[in-house]
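Visitor: All chains, please: the whole structure from these sequences, using the hints.
Those protein sequence lines, which keep their order, are chains A and B. Position 289, counted from 1, in the first sequence is what our numbering calls 289; the numbers after and before it change by one each time, with no gaps. Position 300, counted from 1, in the second sequence is what our numbering calls 300; the numbers after and before it change by one each time, with no gaps.
Hints were generated in silico from the structure; no laboratory data involved. There may be inaccurate statements among the hints.
Unchecked claim - Here's a subset of chain A near chain B, in silico, CB distances under 7 Å, partners left out:
{"hint": "1", "residue": "F85"}
{"hint": "2", "residue": "S86"}
{"hint": "3", "residue": "G158"}
{"hint": "4", "residue": "D173"}
{"hint": "5", "residue": "G176"}
{"hint": "6", "residue": "I178"}
{"hint": "7", "residue": "T205"}
{"hint": "8", "residue": "C209"}
{"hint": "9", "residue": "I215"}
{"hint": "10", "residue": "I222"}
{"hint": "11", "residue": "H223"}
{"hint": "12", "residue": "G225"}
{"hint": "13", "residue": "G226"}
{"hint": "14", "residue": "R229"}
{"hint": "15", "residue": "F230"}
As the list claims (entries may be wrong) - Okay, derived cross-link-like pairs now, DSS-like style, lysine-lysine, Cα gap no bigger than 25 Å in a straight line:
{"hint": "16", "chain 1": "B", "residue 1": "K175", "chain 2": "A", "residue 2": "K192"}
{"hint": "17", "chain 1": "A", "residue 1": "K175", "chain 2": "B", "residue 2": "K192"}
{"hint": "18", "chain 1": "B", "residue 1": "K167", "chain 2": "B", "residue 2": "K37"}
{"hint": "19", "chain 1": "A", "residue 1": "K282", "chain 2": "B", "residue 2": "K12"}
{"hint": "20", "chain 1": "B", "residue 1": "K228", "chain 2": "A", "residue 2": "K96"}
{"hint": "21", "chain 1": "A", "residue 1": "K37", "chain 2": "A", "residue 2": "K167"}
{"hint": "22", "chain 1": "B", "residue 1": "K192", "chain 2": "B", "residue 2": "K210"}
{"hint": "23", "chain 1": "A", "residue 1": "K228", "chain 2": "B", "residue 2": "K324"}
{"hint": "24", "chain 1": "A", "residue 1": "K96", "chain 2": "B", "residue 2": "K319"}
{"hint": "25", "chain 1": "B", "residue 1": "K324", "chain 2": "B", "residue 2": "K282"}
{"hint": "26", "chain 1": "B", "residue 1": "K12", "chain 2": "B", "residue 2": "K282"}
{"hint": "27", "chain 1": "A", "residue 1": "K293", "chain 2": "A", "residue 2": "K6"}
{"hint": "28", "chain 1": "A", "residue 1": "K210", "chain 2": "B", "residue 2": "K96"}
{"hint": "29", "chain 1": "B", "residue 1": "K129", "chain 2": "A", "residue 2": "K228"}
{"hint": "30", "chain 1": "B", "residue 1": "K344", "chain 2": "B", "residue 2": "K319"}
{"hint": "31", "chain 1": "B", "residue 1": "K344", "chain 2": "B", "residue 2": "K282"}
{"hint": "32", "chain 1": "A", "residue 1": "K6", "chain 2": "A", "residue 2": "K50"}
{"hint": "33", "chain 1": "A", "residue 1": "K251", "chain 2": "A", "residue 2": "K319"}
{"hint": "34", "chain 1": "B", "residue 1": "K78", "chain 2": "A", "residue 2": "K228"}
{"hint": "35", "chain 1": "A", "residue 1": "K37", "chain 2": "A", "residue 2": "K74"}
{"hint": "36", "chain 1": "A", "residue 1": "K129", "chain 2": "B", "residue 2": "K12"}
{"hint": "37", "chain 1": "A", "residue 1": "K129", "chain 2": "B", "residue 2": "K282"}
{"hint": "38", "chain 1": "B", "residue 1": "K210", "chain 2": "A", "residue 2": "K74"}
{"hint": "39", "chain 1": "A", "residue 1": "K129", "chain 2": "B", "residue 2": "K73"}
{"hint": "40", "chain 1": "A", "residue 1": "K210", "chain 2": "B", "residue 2": "K73"}
In this text, a Cβ means the ideal position worked out from N, Cα and C, and glycines have one as well.
Number of protein chains: 2
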Amino acid sequence: MILREKTNPIIKPADIVPSREDFVVTGAFNAAATLAKDGRTYLMLRVTEKPINNDPNQAIVPMFNHETGELEKKIFEKESSGIDFSDPRSFRVDGKLHLTSMAHLRGAWSDDGVHFEIEKSPTVFPGTKYEAYGCEDPRISRLEDKYILTYSAVSENGVCSSIAESKDLKTFDRKGIIFLPNNRNINIFPEKINGHYVAFHRPITSGWCKNSMWIAYSPDLIHWGGYKRFFTPEMSAWCSGKVGAGAPPIKTDKGWLVIYHGVEESGKNEKYSLGAMLLDLKDPENILGNCQKPILSPEEAYETEGFVDDVVFTCGAIKRDNGKIDIYYGATDETLCLAQIEEKELLNNAL
Amino acid sequence: MILREKTNPIIKPADIVPSREDFVVTGAFNAAATLAKDGRTYLMLRVTEKPINNDPNQAIVPMFNHETGELEKKIFEKESSGIDFSDPRSFRVDGKLHLTSMAHLRGAWSDDGVHFEIEKSPTVFPGTKYEAYGCEDPRISRLEDKYILTYSAVSENGVCSSIAESKDLKTFDRKGIIFLPNNRNINIFPEKINGHYVAFHRPITSGWCKNSMWIAYSPDLIHWGGYKRFFTPEMSAWCSGKVGAGAPPIKTDKGWLVIYHGVEESGKNEKYSLGAMLLDLKDPENILGNCQKPILSPEEAYETEGFVDDVVFTCGAIKRDNGKIDIYYGATDETLCLAQIEEKELLNNAL
Numbered sequence: 001m002i003l004r005e006k007t008n009p010i011i012k013p014a015d016i017v018p019s020r021e022d023f024v025v026t027g028a029f030n031a032a033a034t035l036a037k038d039g040r041t042y043l044m045l046r047v048t049e050k051p052i053n054n055d056p057n058q059a060i061v062p063m064f065n066h067e068t069g070e071l072e073k074k075i076f077e078k079e080s081s082g083i084d085f086s087d088p089r090s091f092r093v094d095g096k097l098h099l100t101s102m103a104h105l106r107g108a109w110s111d112d113g114v115h116f117e118i119e120k121s122p123t124v125f126p127g128t129k130y131e132a133y134g135c136e137d138p139r140i141s142r143l144e145d146k147y148i149l150t151y152s153a154v155s156e157n158g159v160c161s162s163i164a165e166s167k168d169l170k171t172f173d174r175k176g177i178i179f180l181p182n183n184r185n186i187n188i189f190p191e192k193i194n195g196h197y198v199a200f201h202r203p204i205t206s207g208w209c210k211n212s213m214w215i216a217y218s219p220d221l222i223h224w225g226g227y228k229r230f231f232t233p234e235m236s237a238w239c240s241g242k243v244g245a246g247a248p249p250i251k252t253d254k255g256w257l258v259i260y261h262g263v264e265e266s267g268k269n270e271k272y273s274l275g276a277m278l279l280d281l282k283d284p285e286n287i288l289g290n291c292q293k294p295i296l297s298p299e300e301a302y303e304t305e306g307f308v309d310d311v312v313f314t315c316g317a318i319k320r321d322n323g324k325i326d327i328y329y330g331a332t333d334e335t336l337c338l339a340q341i342e343e344k345e346l347l348n349n350a351l
Numbered sequence: 001m002i003l004r005e006k007t008n009p010i011i012k013p014a015d016i017v018p019s020r021e022d023f024v025v026t027g028a029f030n031a032a033a034t035l036a037k038d039g040r041t042y043l044m045l046r047v048t049e050k051p052i053n054n055d056p057n058q059a060i061v062p063m064f065n066h067e068t069g070e071l072e073k074k075i076f077e078k079e080s081s082g083i084d085f086s087d088p089r090s091f092r093v094d095g096k097l098h099l100t101s102m103a104h105l106r107g108a109w110s111d112d113g114v115h116f117e118i119e120k121s122p123t124v125f126p127g128t129k130y131e132a133y134g135c136e137d138p139r140i141s142r143l144e145d146k147y148i149l150t151y152s153a154v155s156e157n158g159v160c161s162s163i164a165e166s167k168d169l170k171t172f173d174r175k176g177i178i179f180l181p182n183n184r185n186i187n188i189f190p191e192k193i194n195g196h197y198v199a200f201h202r203p204i205t206s207g208w209c210k211n212s213m214w215i216a217y218s219p220d221l222i223h224w225g226g227y228k229r230f231f232t233p234e235m236s237a238w239c240s241g242k243v244g245a246g247a248p249p250i251k252t253d254k255g256w257l258v259i260y261h262g263v264e265e266s267g268k269n270e271k272y273s274l275g276a277m278l279l280d281l282k283d284p285e286n287i288l289g290n291c292q293k294p295i296l297s298p299e300e301a302y303e304t305e306g307f308v309d310d311v312v313f314t315c316g317a318i319k320r321d322n323g324k325i326d327i328y329y330g331a332t333d334e335t336l337c338l339a340q341i342e343e344k345e346l347l348n349n350a351l
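Guide: Listed below in C-alpha cells is the structure:
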C-alpha cells in the first residue's frame with residue numbers, strides 16, 4: 001500500500017524565498033529528486049512566482065528579455081485592452097501566449113528525505129531566449145559522476161526540452177535544446193543501454209493524436225534520434241487522455257521501473273494520476289508489465305483542490321536502501337508531497 | 001530575371017501511372033532534385049492519389065496498415081456519419097485527422113532537365129506506422145557518394161521527418177525518424193560544416209509562434225541536436241505568415257544560397273512565394289543577405305488556380321555548369337514546374 005507522508009505537503013510556496021522583492025511565490029512543486037554524492041536527498045523544485053500586483057484592473061506578465069539580460073514586467077490594462085483574462089494562468093495577445101507567472105528551478109537538501117532546507121536563491125533561472133516564459137518540470141538522472149538535468153524551456157518559441165549538467169548539484173551548465181517544441185516530460189535512463197543513452201519524451205502534436213510517450217537514443221546526450229512512439233493513452237480510463245514519463249527509470253532486478261502520469265479527461269477537468277510499468281533491462285521498448293489501476297490518484301484535499309485541481313504529478317523518485325521507494329510528487333501545481341511504497345509491492349503493481 | 005520554362009507545367013498528374021488500378025493520381029508536385037552520378041537530372045516527386053470513387057455520398061480514406069502490411073480503404077457515408085466533409089483534403093473522425101488522398105514518392109529521369117521519363121511504380125511507398133497517411137515533400141542532398149533523402153512521414157502520430165539513403169537513386173534504405181512531430185521542410189547541407197552535418201527544419205508549435213526555420217547539427221545524420229531558431233517570419237508581408245527551407249543549400253563562391261518559401265496570410269487564402277538568402281560558408285547561422293522581395297510568386301494560371309490556389313513551393317534546385325540555377329517547384333499542390341535564373345542574379349537578389 002502506498003503511504004502518503006503524514007506531514008504532506010512537505011514543501012509549500014510559503015517556504016520559498018522569492019527571487020526578487022517584488023515577486024510572490026505561488027507554487028513549489030514537480031521536483032526532480034536524486035541522491036547527492038554525500039548521501040543527502042536533493043530535490044530541484046519548479047518554483048512559480050508572479051509580480052506583486054495591487055491593481056485588480058492590471059495583468060502583469062513577467063518575461064526574461066535575452067537581448068537585455070533583464071527580467072521585464074509587461075503591464076496590461078484589463079478593461080481597455082480587449083484581451084480575454086478569464087484563465088488565471090495565461091492569456092493571448094495578438095495570438096501569442098502570455099503566462100501570468102514565471103517558473104525557475106530551486107534546489108533543496110535533506111538528511112531524512114522529509115524535511116528540506118531550501119536554497120535562498122534560484123539554481124536555474126530563465127537565461128536564454130528559449131526560457132523567456134520560464135523553466136519548468138526538472139528531472140535529474142545520475143550518469144556516472146555527473147548529474148544530468150532536463151527541463152522544459154518555455155518561450156514564444158514553444159515548449160523546448162533543454163539539458164544541463166552538474167558535478168555538484170550547485171551549478172548547472174546548459175548544453176542546449178535536445179527535443180524540439182512542443183515536447184515535455186523528458187526522462188533519461190541512469191545508464192547507457194546497448195551503447196546508447198536512452199530517454200523518454202512526449203511530443204505534443206495538437207490535434208493529430210493524444211499525447212504519448214516516445215523513446216529516443218543518443219551517443220552523447222546532446223544529439224538524439226531513433227525516435228519511436230512507445231506508449232499511447234489507450235489502456236484504461238484513468239490514462240485515456242494523455243500519458244508521460246514521470247520519474248527517471250529505476251533499475252530493479254526485475255526490470256526498469258517507470259513511474260508515469262496518466263490523464264483522465266472527464267467533463268471540464270483533467271485528472272492526473274500516477275501509474276507504473278516494468279521494462280526489459282536490455283530492451284526498454286519491451287514492456288514486461290503495466291499497472292491495472294493507478295498507484296496514486298488525487299484523494300487528499302491538498303491533491304484535489306489547489307491552483308489546478310486533481311493533479312498528482314511526479315518528476316522524481318528515489319530507491320532507498322531499506323527496500324522502499326520514495327515518490328516525490330507535485331500536488332495541484334502548487335505544493336510538493338511525498339509518498340512511500342515498498343519496491344516489491346510497486347513491482348507487483350507494475351506487472 | 002527568372003524565366004519560367006515555356007512548357008510549364010513540365011509534369012502533370014496525367015503523366016503518372018497510379019500505384020494501383022483502383023487509384024487515380026491527383027497531384028505530382030514538390031519534387032526533390034539532384035544530379036545523378038551519370039549526369040542526368042533526377043527528380044523525386046510527391047505523387048498524391050486517391051481511390052476511384054463513383055459514389056458522391058461516400059468519402060474514402062486510403063490508409064497503410066502497418067500491422068497487416070496492406071493498404072486499406074476506409075469508407076464513410078457522408079449523410080449518416082455526422083462528419084464535416086466541407087474540406088476536400090481532410091476531415092476529422094472523433095478528433096482524428098483523415099486525409100482523402102495519400103502521397104508516395106516517385107522517381108523521374110531527364111537528359112535535358114526539362115523532359116522527364118517517370119518511373120512506372122513508386123520509389124518510396126508508405127511502409128511504416130509513421131507513414132500510414134503518406135510520404136510527402138522529399139528533399140535529396142548528395143553527401144559524398146550517397147544520396148540522402150528526407151521526407152515528411154504523415155500518420156495519426158503527426159508529421160514526422162524521416163531519413164533514408166541511396167547509392168543509386170533506385171532503392172532507398174529507411175534510417176528512421178530524425179525530427180519529431182510536428183515538423184516539415186528538412187534541408188540537409190551537402191557537406192559537413194565544422195565537423196557536423198547541418199540541417200534546416202521547421203517545427204510546428206501550433207498557437208505559440210509562427211512557423212520558423214530552425215537549424216540542427218548531427219555527427220552521423222541519425223542523431224540531431226544543437227537546435228536553434230534560425231529565421232522567423234517577420235521580415236515583410238510576403239513571408240509574414242510562415243517560412244521554411246525549400247531546396248537544400250547550394251554552395252557558391254559568395255556563400256550558401258538558400259531558396260526558401262514564405263507565406264503571406266491575407267484573407268482566407270495563404271499565398272506561397274519563394275525567397276533567397278545567403279549564408280556564411282563557415283557559419284551558416286550568419287545570414288549575409290536576404291532578398292527584399294520574392295524571387296518567384298504565383299502569377300501564371302497554373303500557379304494561381306489548382307488544387308490549392310496561389311502556391312509555388314520548391315523542394316529542389318540544381319546549379320548547372322552554364323552558370324544557371326534550375327529551380328523545380330510545385331504549383332498549386334498539383335503540378336511540377338521549372339524556372340531558371342542566372343546564379344549571379346540570384347546572388348544579387350539574395351544580398
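Visitor: Please go over all the hints and tell whether each is borne out by the structure.
Guide: Okay, the hints, checked on the actual structure:
1. F85: 18 Å, violated
2. S86: Nearest chain B Cβ about 17 Å off; hint violated.
3. G158: 3 Å, holds
4. D173: 15 Å, violated
5. G176: Holds: closest Cβ of chain B sits about 6 Å from G176(A), inside 7 Å.
6. I178: 6 Å, holds
7. T205: 3 Å, holds
8. C209: Nearest chain B Cβ about 5 Å off; hint holds.
9. I215: Because about 11 Å separates I215(A) from the closest Cβ in chain B, which is outside the 7 Å limit, the hint is violated.
10. I222: 5 Å, holds
11. H223: 4 Å, holds
12. G225: 4 Å, holds
13. G226: 6 Å, holds
14. R229: Check passed: Cβ of R229(A) comes within 6 Å of chain B, closer than 7 Å.
15. F230: Nearest chain B Cβ about 11 Å off; hint violated.
16. K175(B) / K192(A): Holds, at about 21 Å.
17. K175(A) / K192(B): Cα-Cα ~21 Å, so holds.
18. K167(B) / K37(B): 9 Å, holds
19. K282(A) / K12(B): It is violated: about 51 Å lies between the C-alpha atoms, which goes past 25 Å.
20. K228(B) / K96(A): 20 Å, holds
21. K37(A) / K167(A): Since the Cα atoms of K37(A) and K167(A) sit roughly 9 Å apart, the hinted pair holds (cutoff 25 Å).
22. K192(B) / K210(B): 29 Å, violated
23. K228(A) / K324(B): 42 Å, violated
24. K96(A) / K319(B): 40 Å, violated
25. K324(B) / K282(B): Given pair K324(B), K282(B) holds - Cα atoms ~24 Å apart, limit 25 Å.
26. K12(B) / K282(B): 40 Å, violated
27. K293(A) / K6(A): Given that 25 Å is the threshold and the Cα spacing comes to 23 Å, the pair holds.
28. K210(A) / K96(B): 9 Å, holds
29. K129(B) / K228(A): 10 Å, holds
30. K344(B) / K319(B): OK: K344(B) and K319(B) at ~11 Å, within 25 Å.
31. K344(B) / K282(B): Distance ~21 Å between K344(B) and K282(B) Cα, so the pair holds.
32. K6(A) / K50(A): With a Cα-Cα distance of about 30 Å, the restraint between K6(A) and K50(A) is violated, given a limit of 25 Å.
33. K251(A) / K319(A): Satisfied, since the Cα-Cα distance of roughly 9 Å is no more than 25 Å.
34. K78(B) / K228(A): Not satisfied, since the Cα-Cα distance of roughly 35 Å exceeds 25 Å.
35. K37(A) / K74(A): 42 Å, violated
36. K129(A) / K12(B): This hinted pair is violated, its Cα atoms lying about 45 Å apart.
37. K129(A) / K282(B): 24 Å, holds
38. K210(B) / K74(A): Holds, because 21 Å separates the two Cα atoms, which is no more than 25 Å.
39. K129(A) / K73(B): 46 Å, violated
40. K210(A) / K73(B): 23 Å, holds
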